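Sequences are here, hints too, so could you generate the full structure?
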Amino acid sequence: MKNPKRPLMLAVLALGVFMSLPSWGNGMILIPAGSFRMPAFLDKTPRKVNSFYLDKHPVTNAEYLSFVEQHPEWHKSSVKKIFADANYLEYWSGDLDFDKTSGASSPVVRVSWYAARAYCASLGKRLPVIDEWEYVGQMPFKDKNDLKTVILEWYGQSSEWPLPSVMKRSANTAGIYDQHGVIWEWVEDFNSSMVTGESRADAALDRNLFCGGGASSAADPSDYAAFMRYAFRSSLQAKYTVKNLGFRCAKDKD
Amino acid sequence: MKYAAVKKSLIGIAALVFAVSAYAQEKIKGEEKAILTDAPDVPPPITRKHATKVIVDLETKEVKMRLADGVDYTFWTFGGKVPGKFIRIREGDQVEFHLHNHPSSKLPHNIDLHAVTGQGGGAEGSFTAPGHSSTFNFKALNPGLYVYHCATAPVGMHIANGMYGLILVEPKEGMPKVDKEFYVMQSEFYTKGKYGAPGLQPFSMTKAVEEKADYVVFNGNVGALVGDNAIKAKVGEKVRMFVGNGGPNLVSSFHVIGEIFDRVYIEGGKLVNENVQTTLVPAGGSAIVEFKLDTAGTFILVDHSIFRAFNKGALGMLKVEGEHVKEIYSGKTEDGIYQPEGGVIQEVGESAPKIIPAKNIQESIARGKRIYESSCFACHQTNGQGLPGAFPPLAKSDFLNKNKSKSISAVVHGMDGKVTVNGKEYDSIMPAQVLTDDEISNVLNYVYSAWGNSKKTVTPDEVKAIRASGRVK
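In order, the protein sequences belong to chains B and R.
Everything in the first sequence is counted per my numbering, starting at 532 for the first residue and increasing by one.
Everything in the second sequence is counted per my numbering, starting at 344 for the first residue and increasing by one.
These are computed hints drawn from the structure, not numbers from a lab.
It cannot be assumed that every hint is accurate.
[Said to hold, decoys possible] The list that follows gives simulated cross-link-like pairs (lysine to aspartate or glutamate, EDC-like), each with its CA atoms no further than 16 angstroms apart: (1) R/K535 with B/E691; (2) B/K673 with R/D770; (3) B/K575 with R/E716; (4) R/K407 with B/E691.
[Said to hold, decoys possible] Pair ranges (Cβ atoms, derived): (5) R/E664 with B/A617: 45 to 55 angstroms; (6) B/D720 with R/R409: 51 to 61 angstroms; (7) B/S653 with R/K749: 19 to 29 angstroms.
Because the structure is a prediction, the values reported are computed rather than measured.
By construction, the Cβ of each residue, glycine as well, lies at the ideal position given by its N, Cα and C atoms.
Structure, rendered in C-alpha cells:
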C-alpha cells in the first residue's frame, strides 16, 4: 500500500493511445468530435463537441493515493478548510492509507472540486465540462444493457458501500467505463446554474431546462435521468465532498 | 378648517388601528424542539397559550422497505418512513427548520411545506446535497393541516418515491378535545412490475406520466393499517383523523365504511362541514375528519374510487372495541331467498381508437421526420452522417439502399454484429425500436427520401411482414 506502482506516469505517456491493458492504470480515450442533443433541455439544437481525451474510468483510490503522496497539501490532515469540507477522504484511515474495505481499484470519493481539479492539473489534465460529459454519457453500452434502465435503476437503489472496482461493467461504444451506475462525477462547470434550489421556478429564469412550468413536455425518461444529474450538480459547492461523488479527467486534443 | 380637522383625526385613527394590529402579532416566548411522530401516531396537542420558537430537525434518507408482501421498493423518505414525520406547531410560531440529508443519499433533497409563505415554501432555502444540512426560518401565519414534500428536480419522481408528510398548524385557540388522533396519508406508487410482482421493484416513469398507479396505499405500504397494524379505539370515544394525500397524481375520495364523519374540516382549512360520507382529499392537500364511535366493529378506511381499495391496496382498518349497540346497527336479522326476473349479464365490446395511416408518401415522410428527430437522431446524427467508429451513416448509405428488408428488420428487431457501410466497418448495437408498423414505415420513408438516398418507399404491410417473420439475416 505504501509503495504502489506509478501507473499515472505511464498513463500520461500513453495519452491518446487506445489502451487495452486496464492494469496499467487510467488510459485516456480519444472521443471523436460530434454533436448531441442535451438531455432535458428545451433547446434541442444539436450542440457541437470538439474531439478530446477522456479518462477511461473514474480516478481510483490507488491513483489518488499516489497524487497525495506527491502533494502533501492534499493530505486529509492538512487540507485547507476552504478547499474541502470536514469529510474530505473521510473513509481513509490515514493521510496515505485508504480504508482496506474500499479497494485500490474503487473510485476515490469524498473529494472536493478543488481537489479533483488539482489532481487532474498535476497530470496536465483538466476536468471535463458538462457538454463533454453528457455527450459521452449518452453513448450506448457495448453490451445490450439499455442505458436508460441502468441509469434509472441506479438512481432507484440505495447507495452501495464499499464501492465496486472500476471497469466491472460494460464500456460504452467509445470505450468509456462507469459513467453511470457507480458514482456521480465532478465536472468543471458543475455550478453553471442548471437548477436552483427551487427548481420549479427555473423556467421563469430562462434557464432552458424543463422545470416548473416548462416541465410539462418532459416526457422522455432519459430527460428524467438527466434532471437528477443537473439537480445533483447544482446542490454542490466546490468544497463539498460526498460519499458517492468522484471524478475523472479530460484533456484537450492538442 | 373643520374638514381638515376631521381628516386629520381619521388619519390618526387609521394609524392607531394599524399600530394596534401590528402590535397584535404575538410575541415569541421561549423555545422548544418539535416532537415528531411516524404514522399513524400524532404528536400531543399543543397546550401553550403563546407563540414560541420551534426547532424542527428532519432527515431525508433513501431506504429499501416493504411495499407489499414480497415486494420491496427503494423509498425516498423524510425521517426514514413513508409518510414522513408528522410535525405539529401553533399559529404564530417561529420555526427554525433544519433539513439534514443523510450521507448515504444518492440525491440532493429539499422541502416545500405548504404551511410556509415564501419562495418555494422553503424549497429554495433547504436544497441540500448528500451528507449536508440546511437551515431556514419561517413564521406560521395560517392555521390548518398542510402537506409537505420534496421539490427537487425531477419533482414528480421525488414525490412518487415517498417524499411527503403532514404539518399541522394549530389555531391560536387550539382544537376541540378528542379522545384519539390518527395520522393517515394516502399516496400511490408506480412500479416496473404489476401489482404484486415480487422482488425489488424500480420506479416506472412511464406509468407515473400516464398516471397508471400499481399501488394506492395508506401510510406507505399495502397493509400498513390492516390486521395487527389496524388503528384502535373504543365505543364512546371521539376520534380525529388527520388525512393527507401525497399523490403524486390521484385525488382521494376518502371514506370510512360504516361511519359518517360528524365533522370535516374541508381541505384541512377552517370551513367545517357536517354529516359527510366521503370527502375529497386533493393530491398535495388534506382534510381533517372527526367522528364519535357509537357502536363496536371494524370500520374500513378506503379511497372510494373503489378498485384502488380492493385491487391496489388503499385499505385500512379502525377496530372499535366495546358494545355492539343493536339499536344503531342490528347485524343480520333474517336470511331469505329472493328470485329476481331476467338478470342477463351484458357486455359492450371495446376497441382502441384507430390511428389514421398517412394518406400519401409526402405525409408519411413528414411524420417520419418527427420520429427521426426523437428516436434516431441521437446516434445517427442530424443529417444522417452517423458518428465515425460508432454509428453507421444513413446518408448516401450503400447498406440502406441495397438492403431494404435488412433495414426494416434493423428498426423492428434491432441489429448487432459487424456491418460494412460505405466501405467502413462498424461493430455496435442498434436496439429494437418500440414503434408501430405505420411509424416505422414513416421513418424509413423519411430516411430513404433524404440525404441522397434511393427514395425507396416502405409500406406498413412490408413492416408487418418482417415483424412476423423475424430478424432478416
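To see whether the hints hold, each was checked on the structure:
Using a Cα cut-off of 16 angstroms, the hinted pair R/K535 and B/E691 is violated, with the two alpha carbons roughly 21 angstroms apart. Restraint check: the Cα-Cα separation between B/K673 and R/D770 comes to about 9 angstroms, which is no more than 16 angstroms; the hinted pair holds. Our distance criterion of 16 angstroms between C-alpha atoms is met by B/K575 and R/E716, whose separation comes to about 10 angstroms. Note on R/K407 and B/E691: the hinted pairing holds, with a Cα-Cα distance of about 12 angstroms set against a maximum of 16 angstroms.
At about 54 angstroms, the beta-carbon gap between R/E664 and B/A617 stays in the expected band of 45 to 55 angstroms. At about 42 angstroms, the CB distance of B/D720 to R/R409 disagrees with the hint of 51 to 61 angstroms. The hint said 19 to 29 angstroms for the Cβ distance between B/S653 and R/K749, and at roughly 51 angstroms that hint is violated.
In summary, the structure is inconsistent with hints 1, 6 and 7 from the numbered list given earlier, while agreeing with the others.
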